[in-house]
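**Student:** All chains should be modelled from the sequences, with the hints used to inform the complete structure.
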Amino acid sequence: MMQDHSTSRRVFNVFNITFLALLMLVTLYPMYFMFITSISHGVEVMKGTISVLPKLVTLDTYRAIVQGDLFLYMKNSVLYTVVGTVINLVMSCLAAYPLSRRNFSGRKPFTAIVTFTLFFSGGMIPLYLTVNAFGIMDSIWALVLPGAINTYNMIIIRTTFQAIPDSLTESAQLDGANDIVILWKIIIPLSKAVLATMLLFYAVAHWNSYFDAMLYINSKAKYPLQIMLRNMLIGGLFADETTVAATGAASFSVTDGTLRAAAIIVTTLPILIVYPFVQRHFVKGVMIGSLKG
Amino acid sequence: MNASITDNRPGRGRWRRLRRVLVRDRYLYLIMLLPLLYYLLFCYFPMYGVTLAFKDFKPKLGILYSPWTSQGGMKYILSIVRDPYFWTVFRNTIVLNLLNLLITFPAPIILALLLNELNNRRYKRVVQMVTYLPHFLSVVVVVGLMNSLFSSSGIVNSMLEGLGLGPYPFLNAAQYFRPMYIGSNIWQRIGWDSIIFLAALSTLDMQLYEAARIDGAGRWKQTIHITIPGIMPTIIIMLILSMGRIMNVSYQKILLMMTGSNQSVSDVITTYVYRRGITNADFSYATGVNLFQSLVTLMFVILTNALSRRFTETSLW
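So the protein sequences, as listed, match chains G and F. Last residue of the first sequence: number 293 in my numbering, and the count goes up by one each step with no gaps. Last residue of the second sequence: number 317 in my numbering, and the count goes up by one each step with no gaps.
Keep in mind the hints are simulated off the structure, nothing from the lab. As the structure is a prediction and not an experimental result, all values here were calculated from the model. Among these hints, one or two may not hold up.
As the list claims (entries may be wrong) - Computed beta-carbon distance windows for the label pairs:
1. G/M287 to F/Y123: 13 to 23 Å
2. F/Q175 to G/Q162: 44 to 54 Å
3. F/I228 to G/S8: 15 to 25 Å
4. F/L99 to G/S167: 47 to 57 Å
5. G/Q162 to F/Y123: 32 to 42 Å
6. F/Y123 to G/K192: 44 to 54 Å
7. G/V274 to F/G73: 44 to 54 Å
8. F/R82 to G/I234: 26 to 36 Å
9. G/A112 to F/K221: 41 to 51 Å
10. G/F71 to F/L78: 45 to 55 Å
11. F/I228 to G/S167: 18 to 28 Å
12. F/L78 to G/F120: 14 to 24 Å
Claimed, not checked - Covered stretches of chain G (chain F as the covering partner; in silico rule of three or more C-beta atoms under 8 Å from a C-beta of chain F):
13. 8–20
14. 158–167
15. 264–271
Positions of the beta carbon are idealized from the N, C-alpha and C atoms, including for glycine.
**Tutor:** If you want it as structure tokens, here you go:
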């Protein structure tokens with residue numbers, strides 16, 4: 001205990017606390033900067049004078065994107081996320097359960113089939129042509145079916161199922177329950193915590209993905225939010241007029257800079273709102289994943 | 001030869017046992033049906049689609065019926081090998097990944113060690129919560145943040161100008177691409193990747209520290225002689241795992257960061273595949289390029305698995 005209060009220890013502690021505070025600042029500042037940019041007057045943003053506080057606060061930028069197609073894209077993103085996540089969870093549970101039964105006769109070949117996909121895949125082009133061949137191009141199915149199971153997540157679920165004592169399922173089996181009933185009535189209710197974590201992982205992945213939509217979605221009316229944001233990054237305000245109504249363009253209260261910032265805030269908002277409450281579940285997911293079964 | 005044999009033939013018995021097992025497990029097979037279908041349609045069928053690299057793709061005939069190319073199916077493979085630009089993107093992929101691994105790998109370990117030294121539990125929890133956050137931002141948002149902060153009129157350049165420096169073309173010039181890519185990776189992952197090391201740290205035996213303290217070892221010595229050796233197995237496993245991913249650059253991010261002037265270093269295999277395959281509809285060529293990546297990846301996975309089995313007693317198979 002003596003050494004803990006020595007001078008060098010104290011110096012280190014001050015350094016450590018300061019360093020971590022700086023790290024937090026560097027982590028949070030970009031998002032904060034986007035926020036103050038989005039509510040500042042476009043001309044001030046262009047001048048590059050904003051750093052700590054917003055200047056000439058105005059909501060014109062938000063008005064502009066709300067009057068554009070923002071809600072359409074947001075609705076698309078919500079739809080893809082909800083449908084995609086439901087499919088992910090159902091399919092992952094269906095795959096995980098047979099793999100978790102120790103005396104299942106098809107366990108070995110099925111495990112081999114699943115594991116091999118972790119190490120080798122056809123790649124972008126064959127998958128693209130496959131999606132095309134199935135006729136699901138430019139529809140929600142192109143976004144939710146090709147990734148219906150994330151094999152890593154599925155293996156985490158399998159490991160959880162495996163940890164449930166056999167005695168619980170055996171008694172149900174003696175009562176005449178089949179595997180579908182056991183999965184639904186016993187296994188899934190007992191794995192709620194892990195499934196909640198997986199739900200979060202899957203949902204965040206869907207919400208954040210842009211590349212699938214870039215490959216498979218051609219109709220503008222079906223774009224998710226991330227594509228809208230990407231187009232604003234690559235192009236700019238009037239490269240994508242339907243995204244944005246030209247509110248405030250004449251007075252320059254709305255510019256590329258403020259629009260981009262507002263779009264970033266809007267796209268990230270759902271995650272920022274949910275994050276503090278579910279953060280612990282995310283961490284738990286990593287921990288289960290690292291304890292390989 | 002006689003009637004009693006028919007029932008006792010080993011083949012027959014095996015068939016009967018198999019049937020009994022299939023009947024017993026029928027619900028499990030039923031449950032497995034949809035996932036199996038998924039793996040066949042969206043993983044194995046595209047895997048078969050790799051044959052496209054050896055075929056002249058005809059949209060009407062599809063992957064299955066397109067004819068094999070000339071030169072024994074090797075037409076595209078040969079032209080890829082002779083394409084100097086392919087070797088440029090191949091090198092870019094490996095250089096970017098090695099640099100990324102070297103520089104980003106130690107960061108979360110250092111963060112975990114620093115967090116471990118904090119006495120104030122609540123402060124520790126706040127730092128963790130804040131630094132995990134960037135992991136949940138989409139690549140589009142991360143690149144958007146970078147573009148806003150580092151543009152020629154962005155806040156970083158205006159601060160540098162205040163010091164009489166710059167402006168620097170962080171977003172365009174080729175020499176800044178790798179630092180920007182790697183730096184943003186650290187920003188995004190340092191917190192999240194530290195979780196696993198923090199977990200390893202929490203399992204260390206307190207008695208060892210007690211004993212070291214009695215022997216007069218200070219915090220620094222304790223860190224060098226107890227903490228770091230204690231988490232070494234975790235460090236090695238994580239290092240091996242990331243070596244297995246040596247070819248997987250985050251091409252989705254690169255695609256967003258790529259500009260005409262940084263393409264000479266930022267173009268990697270997957271972005272090249274995207275441009276040749278999707279943008280130019282040069283399907284066979286692009287599939288061939290991708291195949292090189294898959295094979296090198298597979299090689300690295302097998303290699304790292306062997307290493308892992310040798311050094312850590314854990315392996316993937």
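**Student:** Next step is simple, just say for each hint if it's right about the structure.
**Tutor:** Consistency of the hints with the structure:
Range check, G/M287 to F/Y123: Cβ separation about 22 Å, and the 13 to 23 Å hint holds. Between F/Q175 and G/Q162, the C-beta spacing of about 51 Å keeps the proposed range 44 to 54 Å intact. The beta-carbon spacing between F/I228 and G/S8, approximately 19 Å, falls within the hinted interval of 15 to 25 Å. For F/L99 and G/S167, the Cβ-Cβ distance of about 53 Å falls inside the hinted range of 47 to 57 Å, so the restraint holds.
For G/Q162 and F/Y123, the hinted distance range of 32 to 42 Å is satisfied, since their beta carbons lie about 38 Å from each other. Taking 44 to 54 Å as the suggested C-beta distance range, the pair F/Y123 and G/K192 does not conform, at roughly 32 Å. For G/V274 and F/G73, the hinted distance range of 44 to 54 Å is satisfied, since their beta carbons lie about 51 Å from each other. At about 33 Å, the beta-carbon gap between F/R82 and G/I234 stays in the expected band of 26 to 36 Å.
Restraint check, G/A112 to F/K221: a C-beta distance of roughly 49 Å satisfies the suggested window 41 to 51 Å. Between G/F71 and F/L78 the C-beta distance comes to about 52 Å, which sits within the given range of 45 to 55 Å. Judged by the Cβ atoms, the range 18 to 28 Å given for F/I228 and G/S167 is violated: they are separated by roughly 43 Å. Separated by about 23 Å at the C-beta atoms, F/L78 and G/F120 satisfy the suggested range of 14 to 24 Å.
Under the rule that three or more residues need a Cβ within less than 8 Å of chain F, the assignment of the region 8–20 of chain G holds, with 8 such residues. Under the rule that three or more residues need a Cβ within less than 8 Å of chain F, the assignment of the region 158–167 of chain G is violated, with 0 such residues. Counting residues of the region 264–271 of chain G whose CB lies closer than 8 Å to any CB of chain F gives 4, so the stated coverage by that chain holds, three being the minimum.
Of the numbered hints given earlier, the model fails hints 6, 11, 14; all others are met.
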